[in-house]
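Asker: Line by line, the protein sequences give chains B and E.
Take the first sequence: its position 35, counting from 1, is numbered 35 in the working numbering, and each next residue is one higher.
Take the second sequence: its position 54, counting from 1, is numbered 54 in the working numbering, and each next residue is one higher.
The hints are simulated quantities; they were obtained by calculation from the structure and are not laboratory data.
A few chain E positions that, by computed beta-carbon distances, are all more than 10 Å from chain B: (1) Leu8; (2) Pro48; (3) Ala60; (4) Lys63; (5) Phe66; (6) Val67; (7) Phe123; (8) Ala285.
Derived coverage of chain B by chain E (criterion: at least 3 residues anywhere in the stretch with Cβ under 8 Å from a Cβ of chain E; other residues may be distant): (9) 152 to 162; (10) 305 to 312.
The following label-pair restraints were derived from C-beta to C-beta distances: (11) E:Pro128 - B:Thr97: 35 to 45 Å; (12) B:Thr122 - E:Gly58: 54 to 64 Å; (13) E:Arg150 - B:Met217: 25 to 35 Å; (14) B:Gly321 - E:Pro128: 37 to 47 Å; (15) B:Gly222 - E:Leu328: 34 to 44 Å; (16) E:Asp233 - B:Val293: 47 to 57 Å; (17) B:Leu6 - E:Arg150: 33 to 43 Å; (18) B:Ser263 - E:Asp241: 41 to 51 Å; (19) E:Ala153 - B:Val230: 36 to 46 Å.
Just so you know, even glycine gets a beta-carbon here, dropped at the ideal spot from N, CA and C.
Each chain, letter by letter, is given below.
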Amino acid sequence: MALMVLAVGCLALAIAASLLFGGKPTSIADAFTGLVGGTDPYLAAVLDARIDRTLMGVLSGAALAVSGVIIQGITRNPLGDPGLLGITVGAGAAVVTVSAITGNGVAVGAGAVWVAFAGALTTVLVVFMVGARSASGSVVKLLLTGAVVSAVLTAYRQAIILTHPAVFDSFRHWVVGSLGGRDGSVALSVAPALGIGFILALMVSSSLNNLALGEEMATSLGTPVRLVRVGGIVAAALLAGAATAAVGPIAFVGLVVPHLARSVVGTDHRVQIPLALLLGATLMVAADTVGRVIARPEDIMVGIVTAWIGAPFLLVAVRRGWAAR
Amino acid sequence: MSTTKKVLRMGPVALVVRRRVIAVHAGVALAIVAVAIVTLTLGRLGIPLPELPAALLGGAEGKVAFVLERWRGPRLVTAVFAGGLLGMSGALFQAVTRNPLGSPDVIGLGAGAGAGAATASLFLPGFPSAVAAVGGAGIATLAVFGATGRGFASPARTIIAGIAVSALAFSITQYVVSAKLRDAATHLAEYLTGSLNSANDLDIIVSATGAALLIPAGLAIGRAVSLLELGDDAAAGLGVDPQRTRTRAVILSVLASGVAVAATGPVAFVALTAPQITKRLTGTAGVGIVGSALTGAFILSAADLAAQQAPIVSGLPVGVLTMGVGGLYLGYLLVQEHREGQL
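All chains should be built: construct the whole structure from the sequences, respecting the hints.
Answerer: See below:
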């Protein structure tokens, strides 16, 4: 419990930092007065933008982290991550397809979430079918399948956006993963999908503990393995799809956070999921704040920052032999 | 076997000639010529076939000269040389890792080269992009090599480290693009996927010089690299220093990939597929430097022909095509490895 309080504290700190610092330099005192009801219109506009992107960061970070916990739980593969497995790319490809057909830019509206979900779900199924069961039980195949599926879908997406200039224009920041330029309505439109995803995730969490003992053991403990898998996949796809619809495809949050959570609270998924939710939100908001501040006035998109946090982590995992022999 | 193999003796030199290998090489070379002719002649702006020989011999004027020298000529020539370099690069790397998936694309070589070229263009304008690309490819390779803890000996570790390094390199490129080319986003997106749409004389010079220097070097170490596939002990018994041969092969592979990327941008999966296709066509073991280079040249020039002329995909960067088709092929390889239980 103390750990949860600590995690909430970290998230609060990250949110505070995200509101107080940003690409447009404002003194801490100014930002604070603005937040508690200042009247300066410039300051109000700056702070509005910061509030919106902080909200997007909290939601998408939490969603990606929980999605990662579930994928790692279902596949029993420590390298499961919605970004690395191509699930966010699949969600993105679906959104781009629809916006090319309808002629709108990337409509990050209420409908886009469900399109993204459909894309994410399809991708999960393909990746799991090809990559999940390796003859030698290695974790590499799933990851490699994810890389392949990502490559094919990226090619498809590039083909669409390069032939549809209108789509391209609205897509070029979204494609890297950015919290900027989203307003509060986006958060509202992805909220239902996120809500269902989180609830499903919590519902399967105790069954994931049994699944960790092996498929046969789980069955003999009375766990409906197939149902848990389906529920977990739907939850992971909902969360990853909604996060992608909101902020674009972002990798590594779903990889790093579950490992952090596990190293703190152990393998119990019922505790891991809430903790990952808090840590994911913290990581995403902190990464975005760093990206805004580190190269002022340049705004480094959050997907780039998370890659620089996550990829070295993956390299360490390889080096230590966690990932593969 | 006796009907397919023949020993050619000229004084002290003896050369084993495999008819099927020769036939495959000739066939692929002919296919490249065919692609070249179609590339130059097809379509409304193509050079009419009867005029082609004269135009190639220097008698081109007006529209024909423009198409040949400025438009389709440069991208064709760049495609052939860059494709050849990529094919050889893949053959060497796959021989070192002893795994079709341990190829420059998966290791992050191409992504590293792209990041190198992009970074140099932002911070050191005027710095030769070929050098920067080779530097980037080298850094990426070293990073993967260091991260695995056992060099390239473990395919599984190498692949995962490669995915991580690719992600890092790609994020660098994306940053440069977003910082530099705010208004030229389309150009950037093309560069990121690898494109011949704006190939020019400089690209020809870079890729042709690279091919002229590096492919002979690849041929020189080809036999030693082939022997590595027998295992280190057997290779050492036959007089090959395994460690030194591996190092040379990797360096050569990095150079070849880097030069190709400098000319075309990171075109995906040519390096992965070319050696595999060659192996299946020739039915022989060994690295097959010549075959892989020819096949790479054919793949890239044919893909670029499609990128110029085929319906739906025309106008797209060639990298989009190779990424899509090569990705599907890689998926097929995965399913196969699945059956054989290798990974």
